[in-house]
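There are 2 protein chains.
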Amino acid sequence: MPPHPQPDLPDPAHHDVDSMLSRKFGREVANYFSGSPLNRVSFLRANHDFITKALVHPSTSFLLFNDLAPLAKDPTQLAYVAHKDVKPLIGENPFEKSEEDMIKEYNSAITLPLVLFLGLDEKKKDGFEHGIYKGRPFFAVDVTPRGSVEKEANGVIEAAKATGSTFIEGRMHMTLNAPEAAIYAQARALLDWNARNPFCGGCGQPTMSVNAGTKRVCPPTDLSSLPNAQGGATTTLETPRERLACVTRKGISNLCFPRTDPTVIMAVVSHDAKRVLLGRQKRWPPYWYSTLAGFCEPAESVEEAVRREVWEEAGVHLGRVVIHSTQPWPYPANLMIGAIGQALPDGEKIHLEHDPELEDAKWVEMDEIRQALKVGTSGLGEPAGEGYVEGGLRLPPKTAIANQLLQAVVGGFLGESPKI
Amino acid sequence: MPPHPQPDLPDPAHHDVDSMLSRKFGREVANYFSGSPLNRVSFLRANHDFITKALVHPSTSFLLFNDLAPLAKDPTQLAYVAHKDVKPLIGENPFEKSEEDMIKEYNSAITLPLVLFLGLDEKKKDGFEHGIYKGRPFFAVDVTPRGSVEKEANGVIEAAKATGSTFIEGRMHMTLNAPEAAIYAQARALLDWNARNPFCGGCGQPTMSVNAGTKRVCPPTDLSSLPNAQGGATTTLETPRERLACVTRKGISNLCFPRTDPTVIMAVVSHDAKRVLLGRQKRWPPYWYSTLAGFCEPAESVEEAVRREVWEEAGVHLGRVVIHSTQPWPYPANLMIGAIGQALPDGEKIHLEHDPELEDAKWVEMDEIRQALKVGTSGLGEPAGEGYVEGGLRLPPKTAIANQLLQAVVGGFLGESPKI
Numbered sequence: 001m002p003p004h005p006q007p008d009l010p011d012p013a014h015h016d017v018d019s020m021l022s023r024k025f026g027r028e029v030a031n032y033f034s035g036s037p038l039n040r041v042s043f044l045r046a047n048h049d050f051i052t053k054a055l056v057h058p059s060t061s062f063l064l065f066n067d068l069a070p071l072a073k074d075p076t077q078l079a080y081v082a083h084k085d086v087k088p089l090i091g092e093n094p095f096e097k098s099e100e101d102m103i104k105e106y107n108s109a110i111t112l113p114l115v116l117f118l119g120l121d122e123k124k125k126d127g128f129e130h131g132i133y134k135g136r137p138f139f140a141v142d143v144t145p146r147g148s149v150e151k152e153a154n155g156v157i158e159a160a161k162a163t164g165s166t167f168i169e170g171r172m173h174m175t176l177n178a179p180e181a182a183i184y185a186q187a188r189a190l191l192d193w194n195a196r197n198p199f200c201g202g203c204g205q206p207t208m209s210v211n212a213g214t215k216r217v218c219p220p221t222d223l224s225s226l227p228n229a230q231g232g233a234t235t236t237l238e239t240p241r242e243r244l245a246c247v248t249r250k251g252i253s254n255l256c257f258p259r260t261d262p263t264v265i266m267a268v269v270s271h272d273a274k275r276v277l278l279g280r281q282k283r284w285p286p287y288w289y290s291t292l293a294g295f296c297e298p299a300e301s302v303e304e305a306v307r308r309e310v311w312e313e314a315g316v317h318l319g320r321v322v323i324h325s326t327q328p329w330p331y332p333a334n335l336m337i338g339a340i341g342q343a344l345p346d347g348e349k350i351h352l353e354h355d356p357e358l359e360d361a362k363w364v365e366m367d368e369i370r371q372a373l374k375v376g377t378s379g380l381g382e383p384a385g386e387g388y389v390e391g392g393l394r395l396p397p398k399t400a401i402a403n404q405l406l407q408a409v410v411g412g413f414l415g416e417s418p419k420i
Numbered sequence: 001m002p003p004h005p006q007p008d009l010p011d012p013a014h015h016d017v018d019s020m021l022s023r024k025f026g027r028e029v030a031n032y033f034s035g036s037p038l039n040r041v042s043f044l045r046a047n048h049d050f051i052t053k054a055l056v057h058p059s060t061s062f063l064l065f066n067d068l069a070p071l072a073k074d075p076t077q078l079a080y081v082a083h084k085d086v087k088p089l090i091g092e093n094p095f096e097k098s099e100e101d102m103i104k105e106y107n108s109a110i111t112l113p114l115v116l117f118l119g120l121d122e123k124k125k126d127g128f129e130h131g132i133y134k135g136r137p138f139f140a141v142d143v144t145p146r147g148s149v150e151k152e153a154n155g156v157i158e159a160a161k162a163t164g165s166t167f168i169e170g171r172m173h174m175t176l177n178a179p180e181a182a183i184y185a186q187a188r189a190l191l192d193w194n195a196r197n198p199f200c201g202g203c204g205q206p207t208m209s210v211n212a213g214t215k216r217v218c219p220p221t222d223l224s225s226l227p228n229a230q231g232g233a234t235t236t237l238e239t240p241r242e243r244l245a246c247v248t249r250k251g252i253s254n255l256c257f258p259r260t261d262p263t264v265i266m267a268v269v270s271h272d273a274k275r276v277l278l279g280r281q282k283r284w285p286p287y288w289y290s291t292l293a294g295f296c297e298p299a300e301s302v303e304e305a306v307r308r309e310v311w312e313e314a315g316v317h318l319g320r321v322v323i324h325s326t327q328p329w330p331y332p333a334n335l336m337i338g339a340i341g342q343a344l345p346d347g348e349k350i351h352l353e354h355d356p357e358l359e360d361a362k363w364v365e366m367d368e369i370r371q372a373l374k375v376g377t378s379g380l381g382e383p384a385g386e387g388y389v390e391g392g393l394r395l396p397p398k399t400a401i402a403n404q405l406l407q408a409v410v411g412g413f414l415g416e417s418p419k420i
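Here the protein sequences come in this chain order: Z and L. Going by full-length UniProt numbering, the first sequence wraps up at 420, each residue one higher than the last. Going by full-length UniProt numbering, the second sequence wraps up at 420, each residue one higher than the last.
Be aware that a few hints might be false.
The list treats identical chains as one, so a pair stands whether inside a single copy or across any two.
[As the list claims (entries may be wrong)] Okay, derived cross-link-like pairs now, EDC-like style, lysine to aspartate or glutamate, Cα gap no bigger than 20 Å in a straight line:
hint	residue 1	residue 2
1	K134	D355
2	K215	D261
3	K87	E353
4	K123	E312
5	K134	E242
Worth flagging that the hints you see were computed from the coordinates, not collected in a lab.
Take these sequences, add in the hints, and give me the full structure.
Written as structure tokens, this is what we have:
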């Protein structure tokens, strides 16, 4: 495969809006995995005229994932391929038919590789236009060899590897440049959601992807003779068979849409605002600590989830809670909501036995946090920065919202001037 | 059924922590549906000794739901029943066996009514104690007549109605007192999640509820002869049959845990902070407007979701976005994340044609918002307050986070002093 257009490399301000903001309105913290250069134009996903034009435009970039590992030039840069490179797997145009016709012709025995529309990079003037919408289109394709397209998928994978690019496994969050980290996160989250939900939670029958990878529906009929897609000999019927009734076909059901799990992560300051509460898990290397975190429960505000988790994990009672910023975390589908909370004057005593998730929790002086933010940060288990002395506090890197929350706390968030 | 202990009636500050806060740290906005008086003690749900003791304690309150309609004395107060009243449906103790044994004896043809542990009301000194944890236990039971317990469920429903209480259908959010609204929201969200997900999204087989109603697992075996629970004659096997493999049984899967859908709702101010952007949907009565809102997408920060939705729905470009507060919204499983955003100086032009969801959007002067907050608020379609003049702006009531966001904007949030 020939070289293909690549997005710009790291831009400290992530993208236009942020750099405008930092000039005009003061800084807003944009966490790693946010700040995508793409406009999702979400309302155009169901427009098959638009999506077809975008798919075959010469400027269009396709990001490939094999079992959630993205194709990359190296750990800092994604690699992209062109339409002709994925055509053997996805066909000339998987969006040729309307969603209505795709559902009518649904056959659970045929594997349709997931083709996900990510958005338009409006900064790239490569000639793609659809009315007032302009920019380079980006797609992601799931090339994991499975089902009826195993052979074709392996062919695309081999051709991609032959260009010198690699499918990088594991978590890429410490290395990818910031704008591409956001593109990767969007693609990974949606491919994973599709792969995790091949069946309908409402009725147990196989589902199909529509709306350019962002929705799954439970079709009322099936051209496969087999009642579900879990293997066995199947024949294709001449007229589709009716499937069992499903509640998701009546009106709108949230089961049809991607799932995102809200989580809370919080820097907790003491009542006198002189110390910060940190905790550590048993499996971490020595001296490593971070802010506490946990999942939001149903029908709980973020502020309540923060108070509950801090009490359950560390026994500390919080007063006021303020939300600082948020971070997408595509492992698999979390939205990290970062908050700063303050302990009640008589609620600072640490108690680890309610929900014994933490090996330790402790109050740390602001100065020790400041020092660790300078010399003790890195990815978990990686070496610290220059000046670090063995035994000193270790903290997460800048790409983690925990680090940003601690920076806010030591940097004067508690006494800062108006937010807007 | 005799009268049963009831939680306290409306407390303007919702609960202890908030009233301490308002005294000591200044006000934090606690939105309707948050502020539950219950401590969820989530780490005790899997403790069958605790949950059994809580279930049968004489102080324990059971909230009943029939097809998501809660039993209530009137639209402002829930009604509760005692253990003996639900025993004909749930049995003496549905938590008698360990989770492990329940999974081993799983039979997809037997309906186990959902019994959900909600938490402890620690203010109620009724004598229930488990180590250091004290307070009146609260449970919710799904009494919807279905499956193999239809007759027993109908019996419990009829007995409950005979006391003069009613299962109130529809959305109760305008009428219930605040502490009970939070209890109702927690119960409704979890009962609905269980009812919506009888099958596994990963493999299509029936799932079962564990962890006192807060988790669903995909058992490896089944004592029912039928491969899925969608009807037909079934016999009970002597030794359980193996089911198909499922990915959710390997390690931890988010599919086993309740789903919460994060949404954004935002008061948008003009660049000069003198006007607020409001929108209206076609189906609303005349003069009704509200803040814009929409679902977060996968791998998008809250701040990005706010900017995307405002551009998609109204064409307005935002600069800085600050999160204000959050609100659980159990219809069916939303977490409303309320934000305040400011338009870019050259981004204020309204354009409704990107994603034509709104019938209208307009910039409204602060004074008009102030006036409408005084006289023009109510539930959708209900009469306005005293002093309202026909043709004036109508806005959502105080129970809606939209109202709280607008109050914050007109009340000086833009120029306020430190958040903590």
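Original post:
Which of the listed hints are broken here?
Top reply: Numbers 3 and 5, in rising order.
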